[in-house]
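Given chain A, work out where chains B, C and D should sit, using these hints.
Protein chains: 4
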Amino acid sequence: MNTFGHLFRITTWGESHGGAVGVVIDGCPPQIDVDISVIQFELDRRRPGQSHLTTPRQESDVVEILSGVFEGKTLGTPISMLVWNKDARPAAYEHLKDLYRPSHADFTYQKKYGIRNWQGGGRASARETIGRVAAGAIAKQILRENAETEVLAYVKQVHTLAAEVDTGTVTLEQIEASPVRCPDPIAGPKMAERIDQARRDQDSLGGIIESVTRNVPVGLGEPVFDKLKADLAKAMMSLPATMGFQIGSGFEGITMTGSEHNDPFYMEKYNESERVRTRTNNSGGTQGGISNGENIVFQVAFKPTATIGKPQQTVDMHGNEVTLEASGRHDPCVLVRAPAIVEAMAALVLTDHLLRQRSKS
Amino acid sequence: MNTFGHLFRITTWGESHGGAVGVVIDGCPPQIDVDISVIQFELDRRRPGQSHLTTPRQESDVVEILSGVFEGKTLGTPISMLVWNKDARPAAYEHLKDLYRPSHADFTYQKKYGIRNWQGGGRASARETIGRVAAGAIAKQILRENAETEVLAYVKQVHTLAAEVDTGTVTLEQIEASPVRCPDPIAGPKMAERIDQARRDQDSLGGIIESVTRNVPVGLGEPVFDKLKADLAKAMMSLPATMGFQIGSGFEGITMTGSEHNDPFYMEKYNESERVRTRTNNSGGTQGGISNGENIVFQVAFKPTATIGKPQQTVDMHGNEVTLEASGRHDPCVLVRAPAIVEAMAALVLTDHLLRQRSKS
Amino acid sequence: MNTFGHLFRITTWGESHGGAVGVVIDGCPPQIDVDISVIQFELDRRRPGQSHLTTPRQESDVVEILSGVFEGKTLGTPISMLVWNKDARPAAYEHLKDLYRPSHADFTYQKKYGIRNWQGGGRASARETIGRVAAGAIAKQILRENAETEVLAYVKQVHTLAAEVDTGTVTLEQIEASPVRCPDPIAGPKMAERIDQARRDQDSLGGIIESVTRNVPVGLGEPVFDKLKADLAKAMMSLPATMGFQIGSGFEGITMTGSEHNDPFYMEKYNESERVRTRTNNSGGTQGGISNGENIVFQVAFKPTATIGKPQQTVDMHGNEVTLEASGRHDPCVLVRAPAIVEAMAALVLTDHLLRQRSKS
Amino acid sequence: MNTFGHLFRITTWGESHGGAVGVVIDGCPPQIDVDISVIQFELDRRRPGQSHLTTPRQESDVVEILSGVFEGKTLGTPISMLVWNKDARPAAYEHLKDLYRPSHADFTYQKKYGIRNWQGGGRASARETIGRVAAGAIAKQILRENAETEVLAYVKQVHTLAAEVDTGTVTLEQIEASPVRCPDPIAGPKMAERIDQARRDQDSLGGIIESVTRNVPVGLGEPVFDKLKADLAKAMMSLPATMGFQIGSGFEGITMTGSEHNDPFYMEKYNESERVRTRTNNSGGTQGGISNGENIVFQVAFKPTATIGKPQQTVDMHGNEVTLEASGRHDPCVLVRAPAIVEAMAALVLTDHLLRQRSKS
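As given, the protein sequences belong to chains A, B, C and D, one line each in that order. In terms of our numbering, the first sequence is residues 1 to 361. In terms of our numbering, the second sequence is residues 1001 to 1361. In terms of our numbering, the third sequence is residues 2001 to 2361. In terms of our numbering, the fourth sequence is residues 3001 to 3361.
Isolated chain A, as found in the complex:
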């Protein structure tokens, strides 16, 4: 349904063109510092209209906290946050009222529910992710306070253009310095060009977001079903437009043999003591579904945005085959806004598992 998490739990609500969108966080530990400007910063990263590369929809997306925070700290009670929908223009969607846009959710929502809010994408809109990002900002704070754990995500590939990124050293500043949120100074500008071309072509592009989490506590993950890799996969595949998830060596890893792929253990000096490390990280930071302390590295494939400017063949609700001239405002590459969303979802999963692990001690 619309709730995610077991102990640190979010419930998102809101259609793209209803009154508002929001989230309720339940199970947040008490006495966590909440800085609303940090939440707003994350929302601004996700927001359309940040540059000429993204959708022209203009929304300030100002978050309000309605409960659960008192004098700058969490109370341990539900945290309710919302963002009002200000740019609702139902008339802009009037011509889509009876149509099923290709590779959108119009058809499946209509069949499932027998009704849909045709004024925009409804719950299937990327706007639904606002609540996730707001909640993720608080999850990030918990991870930071707990063990300086840091979750990052960035554009790894656009269309056929792949970037080189060092997962061990990449920083938020490097990511945000790039208009396409690709920290590779060579690939980034090429991606921007490619996206501009797609816009001119009335077409759209997909790509890959890569995420790295550093300073991960050992022991997060609840086998056998709530393995860390399983919950991360679910989190990512619950996002709009995602088509694939891979961790560590992923789909590439199958061309290795076991002796090449296994990550040898060794002892590393750490502070005054020693700790167990692996020399390679083909496992991507989890073994047996539990974090092993190495960086968690995963990738998510986003399909090219379904909304394009070119004419397309489709059908309407009455069974007529028709041509759709343009399927809505045209954002050629939503990928650019996706890092904040991927980071938020990863932070939510890790925080939930952190609390679950604490309950065992």
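Hints in this document: simulated from the structure, not taken from any laboratory. Ideal placement from N, C-alpha and C gives every residue a C-beta, glycine not left out. Zero decoy hints are in this set.
If you only want the chain A side, here are some residues facing chain D, beta carbon under 8 Å, derived: (1) P29; (2) S359; (3) S361.
In silico DSSO-like cross-links for lysine-lysine, where the CA-CA straight-line distance does not exceed 27 Å: (4) C:K2111 / D:K3269; (5) A:K360 / D:K3073; (6) C:K2360 / D:K3097.
For chains B, C and D alone, coordinates are given in the frame of chain A:
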């Protein structure tokens, strides 16, 4: 934890070398036909020791039904099934007692729980999947009774060897006729050779399982978090050794543009009436996280088996760096046994969503 | 936590003196008629300040629907509703900042969370029930549309004054016509007098709410843990101030023998057909935790309101024993406002179980 | 369904006359001592046939642990336990096959599921509680290790005979020394007589179980829905034959005024320090749904056993009104076996909340 599903729910239990392994199914509708030989058939497909290509562990794995079935039909009460562990040989694991085998779960379980059953893989063993497969057999029966829905899975790639398979026509018989469960008559035998070579090399191989589900009801999937693709991803990534999940065009699809990738709708004559179809299926059978009636097609990456015969560098529980001569009985390619498991998990997800959708009508 | 229900699920949020209080309903079936005036009617029944018998707090408590409803019908997506807090007067609570009011939740919240919103009762306030009542109004509509099922509740006892009420015939109109919401024309006015006396005494009273549900479908309830009686008990005992729950013959029934207590079955002519009925209803409408079609009758004990005007002995956060002169605005008998809340919770439980039962067919 | 608990979770399975009954515990912390003889002791307290006062069914009810325990300690993995059904005598139930026994679950199960195991009470049998009691034994061990928390329950009333019991001092030895498990040396023998008379009359009796928990940590309970009192109520009302639950002053408390009922706080010297206590305990150990450190005291009403020896009027599945001569083996007062069950359920609730509270710190 160890429960999966919302309305059709399974709880698995059992270590690889404890007394038994089993499953409790909760929420199974009443009056479903249960044929224990069908359940046994699925378990036999999963079982090691079926051919020289798989592990030599010899277990009959005979399933017993302890509750929830009466005179051949489900009662609507919990169905408890178990398989006794007969091949427990703790002595064979004695030398591994203090070691962390590379890319196994020994280290993470020890750190998470402070204790582990070192006599085999514990819960991280592939033996844990027995309960999933037994439950999946009943889920398949529900899907069959409901709409002739059929879930299949097969080996799509081993190491670098990829197969050609027509998702629209492949049959269970074709899959089972191949010792490596690859229905491609050309690639299959090559895969068998490659696996035999790996065995001789004391090494192991990974690969890809592909799954197709046909005759899928429209409307399954519960946005925004329990999207069908999200629950399938979680199901697959909760399996041992899985490193990636992709649906439809997956990671490949990002090299297409939106106009190439979108699946155009059209009207198809169907019985006396018409229905909405898509000309291509890059979406893999879901849009907006809800099934659209097209075949559900996804792929799962399995890493090369962590257990190999070659010596490896590792550490022990006392912080010593040591050489592990052989990490256990050697099954060079567990992939061959994976189709039954992948099918079971897909059937469990679909059945859960079928019941969830029914509650809305 | 703050979520209740399995398929029809509510999440409430909001402190008594924070920005707002609200609810998110998840899993509501699509295409249900939503009339905001009906929701407002239920909130008005719950609201303080309705008569001189209730608390003088003046709040308009106007509900807003922010999502999930489109053109007067539910979309099947989350329904978000909120009520702004307008009467927040933190200064009125300043003197209570460091105190633990007797039989309030100040002490336990402080110990559990290490922090609390001392400006009112926080989550422990009766104001938290606003979200429950708003959601219950929609649940009632589903029950009505499904089978004309009607949930009623009324004041059965205040202090030592018990009412005579016929569960088979009592109506909402009779309940609402009484300022104390007791449909017994003799006991009702006496209760009003007794409450007025308690106000003059700076004291408070408790009592019993009785609820009857008529036209209940047979088969609701999910043994063994989610029995209907178990979920009703949890729902009622999750309310502030409740100290007991009993169904059917309840605690009285133990003075009967089995032969007196058992409800004999008989066949009743029903429309053109027959149906199974019981001659007595000591079972209160459920057997084996499943509804049997008879009226569901239960009672809930509410303790006397903890807030009183008389001085009381207590302690403060610093370990000093102190006298509390008056513990806040004084509502001598919250019972009068409780029927709407009890009805809402019963409706939520029944609706959840209705959807669960549908998933089996 | 058949799962109870959020972090410490049990799933029970098994019909009264199927192959076996059992339980899977999920979420049990690792490294807890497990002594199978302690589990067996609890099962023996619950078992029929302990004295002439209970049902003559003879079952050894020997528990087996199939997983989750290694060398006497929990692994943190699911603990599967079962007890085989040895006394299955389907022929004894043949005459009940088509009948609906009054105040049993035959009718409602048949209507809900369209099928039932008529060989005994199925899931509605008291035999279902075996799994709960076995799991409760482990929960008790966790509570004991954590803070010497002790859960006790005993017979407080049989029919009209009430006992005097001091909740502060009553011991397990006193309870077990009484054949009716009533620690009052005067009321106990009278209850035994009354039960014997009921047996001779072919009739049955109900009564009240009272439970006290001592050494309760402050802070257990998760408002607003998972209040401690709410989860205790659900646990108790999920048991067969329960008709009511009350905590602290319960239904009696409503005849007090607020000034009489409120529990005044005071400071008590405790070890080298001080702690907050209440002078009275009308709250029953929780305030705002959270434990306050006082003893948790609650009562549960059990109706007279539905199975009696006297003839009763009823109907059969074909709509005929018939006389049922005797409805099965006759146990005139199941109450005698209920203390072990009530203790188990209370321990399960408290353990679950203990783990939930730990996750916050």
